[in-house]
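As you go down the protein sequences, you meet chains A and B in turn.
Mind the numbering: the first sequence is residues 1 to 196 in the working numbering, read in order.
Mind the numbering: the second sequence is residues 1 to 466 in the working numbering, read in order.
Simulated from the structure, these hints should not be mistaken for lab results.
One or more hints might be untrue.
To give an idea of the chain B side of the interface with chain A (calculated C-beta under 8 Å), a few residues [said to hold, decoys possible]:
no., residue
1, 15
2, 23
3, 28
4, 36
Now the in silico label distances, taken between C-beta atoms and shown as ranges [said to hold, decoys possible]:
no., chain 1, residue 1, chain 2, residue 2, range
5, B, 389, A, 173, 30 to 36 Å
6, A, 145, B, 27, 49 to 55 Å
7, A, 66, B, 16, 31 to 37 Å
8, B, 430, A, 23, 29 to 35 Å
9, B, 351, A, 170, 29 to 35 Å
10, A, 157, B, 22, 16 to 22 Å
11, A, 173, B, 351, 47 to 53 Å
12, B, 386, A, 22, 53 to 59 Å
13, B, 322, A, 66, 57 to 63 Å
Here are the simulated DSS-like pairs of lysine-lysine, each with C-alpha atoms no more than 30 Å apart in a straight line [to be verified]:
no., chain 1, residue 1, chain 2, residue 2
14, A, 175, A, 35
15, A, 191, B, 386
16, A, 175, A, 191
17, A, 35, B, 20
18, B, 20, A, 45
19, A, 35, B, 12
20, A, 45, B, 322
21, B, 12, A, 175
22, A, 191, B, 322
23, A, 45, A, 191
24, A, 45, A, 175
25, B, 386, B, 322
26, A, 35, A, 45
27, B, 407, B, 386
Don't be surprised by glycine CBs; every beta carbon is placed ideally from N, CA and C.
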Amino acid sequence: MIRKGETSMSQTEQRLWDVDPAVALERLMAEYGTKVLHLAFFYLKDRHLAEDVAQEVFLKAYHNWHSFRGESAVYTWLYRITVNLCRDKARTAWWRRLIPVADPRGSEEAREWEQVSPEGTPEEVLVASEERAHLLRHVQALPEHYREVLLLYYYQDLSTVEIAEVLNANENTVKTRLFRARQLLKESLAKGGSER
Amino acid sequence: MKEPLDLGQALKAEIERDLKDWTFTPEMRQNVLARARQTPPKRSRLPWWQPASVAAAAVLITLVSRHVPFRMGTASVPQEKSQATDLGAPAQSSTGAAKAEPPAPSEDSKPKDSSGAQSSEPNAATMGLAPVPGAGGEANAENVTTMGIPSLKAMDGAGLRAFGLVAPEHGPKPGPRIAPLPDGKGVVALTSQAATLLRDSLEPNWEVTLPRLSSASQVAVSPEGRIGVTADTALIILGADGTTQASLQLPEPIRRAIWGSGERLLLAGERAAYLQRSPGAQILTLPEPNVTGAAFAPDGRLALGTADGLALYDNQGRRLWKREGTGPGPLFSPDGTRILCGNSLFDGEGNLVTPLPSSAEGAIPYARGFLAWQARELTAYAWTGKLLWRWRPPYAILGLFPGENGKLWVLMQTGEGGAIQALTEGGRPIGEPRSIGAEPLGGAAANGKLYLLTDQGLQMLDPLTP
Numbered sequence: 001m002i003r004k005g006e007t008s009m010s011q012t013e014q015r016l017w018d019v020d021p022a023v024a025l026e027r028l029m030a031e032y033g034t035k036v037l038h039l040a041f042f043y044l045k046d047r048h049l050a051e052d053v054a055q056e057v058f059l060k061a062y063h064n065w066h067s068f069r070g071e072s073a074v075y076t077w078l079y080r081i082t083v084n085l086c087r088d089k090a091r092t093a094w095w096r097r098l099i100p101v102a103d104p105r106g107s108e109e110a111r112e113w114e115q116v117s118p119e120g121t122p123e124e125v126l127v128a129s130e131e132r133a134h135l136l137r138h139v140q141a142l143p144e145h146y147r148e149v150l151l152l153y154y155y156q157d158l159s160t161v162e163i164a165e166v167l168n169a170n171e172n173t174v175k176t177r178l179f180r181a182r183q184l185l186k187e188s189l190a191k192g193g194s195e196r
Numbered sequence: 001m002k003e004p005l006d007l008g009q010a011l012k013a014e015i016e017r018d019l020k021d022w023t024f025t026p027e028m029r030q031n032v033l034a035r036a037r038q039t040p041p042k043r044s045r046l047p048w049w050q051p052a053s054v055a056a057a058a059v060l061i062t063l064v065s066r067h068v069p070f071r072m073g074t075a076s077v078p079q080e081k082s083q084a085t086d087l088g089a090p091a092q093s094s095t096g097a098a099k100a101e102p103p104a105p106s107e108d109s110k111p112k113d114s115s116g117a118q119s120s121e122p123n124a125a126t127m128g129l130a131p132v133p134g135a136g137g138e139a140n141a142e143n144v145t146t147m148g149i150p151s152l153k154a155m156d157g158a159g160l161r162a163f164g165l166v167a168p169e170h171g172p173k174p175g176p177r178i179a180p181l182p183d184g185k186g187v188v189a190l191t192s193q194a195a196t197l198l199r200d201s202l203e204p205n206w207e208v209t210l211p212r213l214s215s216a217s218q219v220a221v222s223p224e225g226r227i228g229v230t231a232d233t234a235l236i237i238l239g240a241d242g243t244t245q246a247s248l249q250l251p252e253p254i255r256r257a258i259w260g261s262g263e264r265l266l267l268a269g270e271r272a273a274y275l276q277r278s279p280g281a282q283i284l285t286l287p288e289p290n291v292t293g294a295a296f297a298p299d300g301r302l303a304l305g306t307a308d309g310l311a312l313y314d315n316q317g318r319r320l321w322k323r324e325g326t327g328p329g330p331l332f333s334p335d336g337t338r339i340l341c342g343n344s345l346f347d348g349e350g351n352l353v354t355p356l357p358s359s360a361e362g363a364i365p366y367a368r369g370f371l372a373w374q375a376r377e378l379t380a381y382a383w384t385g386k387l388l389w390r391w392r393p394p395y396a397i398l399g400l401f402p403g404e405n406g407k408l409w410v411l412m413q414t415g416e417g418g419a420i421q422a423l424t425e426g427g428r429p430i431g432e433p434r435s436i437g438a439e440p441l442g443g444a445a446a447n448g449k450l451y452l453l454t455d456q457g458l459q460m461l462d463p464l465t466p
């Protein structure tokens with residue numbers, strides 16, 4: 001079985017794909033199904049759509065496993081498919097009508113916001129905040145490019161190198177986004193707490 | 001090393017609290033497995049456009065095939081002036097055993113059909129060639145009737161156009177695997193599961209069921225509606241009703257089949273190109289190896305793009321001139337006075353009219369001239385060579401389809417499948433790219449709709465409908 005942290009698909013796993021791809025697919029779903037499902041949810045904010053996309057991810061993986069070159073971990077490849085499918089879904093006109101308008105803090109406002117961050121680390125702010133129980137709501141309110149790096153880093157336990165691979169981005173870009181995402185979250189938590 | 005953070009733990013705890021009962025259920029797994037079983041995974045690591053992958057395609061041949069006996073043609077070409085050679089040789093097998101320059105059979109030496117009777121077909125194609133395995137339909141027919149078409153809508157009138165896709169990087173240009181019928185009321189497609197003649201676009205209506213032929217690689221349709229399917233060294237010709245009319249066989253694998261006006265037929269192989277000027281006529285061997293593209297002018301001239309240049313032949317098969325240069329095309333202007341090949345625009349005499357600023361990967365005619373594209377750039381030119389507009393797409397361009405009223409559809413390759421972007425005649429995007437949710441293999445445009453052959457089956461799209 002492929003373990004997180006491995007850099008490539010094992011020979012045993014590769015052979016399984018060659019011999020019985022259906023069994024290999026089952027194992028892949030058992031191992032990563034829920035993670036993929038939750039990742040899709042964070043993008044789409046809709047459980048039904050996330051379920052559709054998650055199934056689509058494994059179907060695509062099944063049909064395109066031959067194109068997986070084994071240069072990265074399997075989960076990185078799966079997450080990349082997930083992210084791309086979610087983005088495709090989010091790009092379509094009909095989908096845009098279903099989801100709320102993008103958070104305004106994703107634009108100029110966000111940049112201003114970052115400059116007036118409160119004292120303390122995000123974790124200190126977090127501990128102090130009564131909003132702790134609503135952390136996820138704050139994360140979900142972040143602009144997508146910040147939200148995704150936070151979730152991939154903290155929830156999916158990916159390294160910045162792996163996140164860069166999943167998002168097809170530069171590692172430094174990922175680091176910058178991660179830093180800004182923390183700042184935004186810190187600000188959001190502080191603001192949310194003070195409003196109570 | 002990632003530092004331990006309360007933020008991470010808190011986030012995880014919160015997510016797990018919120019979503020702990022929401023998992024990838026066994027039902028979802030079963031659903032995925034059931035859908036996966038419908039289409040086996042690709043086992044080849046080769047790109048789809050390479051022969052070994054394409055060989056997995058099934059072929060289009062009619063179930064109700066009737067093998068029409070052939071008659072050797074007698075058309076002659078002035079050999080002293082022609083650089084073309086005669087390929088009147090009856091092929092003895094599909095292994096390429098035909099010898100060049102055999103004596104042309106006389107008019108009355110009509111070949112006999114399997115029952116020994118002389119053919120009475122006045123216009124039967126003739127190569128005196130061996131029957132193609134599987135083409136007879138009786139013994140090898142494995143009927144194929146199913147194919148997924150998610151959403152078919154009404155189509156009216158003619159105007160179907162189809163283009164093969166440009167292979168990414170520097171691979172060989174794939175032959176078209178989907179082609180429109182000239183009456184505008186159907187398409188022919190090869191898929192990995194089946195070959196389908198979609199006769200009536202109003203309803204998914206399979207008029208013909210088809211036997212498989214494992215080496216089928218592309219389809220072509222003549223202006224009169226004859227359907228050609230290439231399979232290794234053979235071209236199987238079907239009538240518009242799906243019945244087998246003839247099979248032609250070359251001494252080498254056919255890379256490309258192109259029909260022009262007057263039912264002129266060009267078959268391109270690796271070693272040479274083969275021209276049949278009319279159905280039943282002798283086939284001429286044109287000494288042009290590695291043909292990358294071909295086009296017929298309205299007056300019957302033939303332009304051949306090869307690995308090392310552009311050659312122009314008259315309608316008798318005589319080479320008029322050859323110029324250096326490589327690239328997409330060739331492409332004739334509607335009046336036949338201009339020929340585009342690569343990044344060069346020639347006149348009919350082979351004089352360079354103008355070089356184009358960049359080398360394109362593909363080109364198609366367009367209402368105001370022609371369109372040339374690279375992966376990340378689409379440029380419109382007038383036939384004078386004047387640049388009209390330029391558009392840079394968000395993804396790599398795979399193919400281009402002219403729509404109605406000058407609109408264009410650009411098929412692009414995203415990270416996971418294809419996407420379509422509509423453009424105005426002036427090159428302005430209409431809306432945003434729309435994902436097709438599958439890997440595109442080819443396409444044909446018809447009356448405001450796109451037929452796309454994908455790894456998920458044949459799709460019909462209306463790119464302008466939100």
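Discussion item. Need the list of violated hint numbers for this structure, in ascending order.
Written reply: Violated hints (numbers, rising): 6, 8, 9, 13, 15, 20 and 22; every other hint is consistent with the structure.
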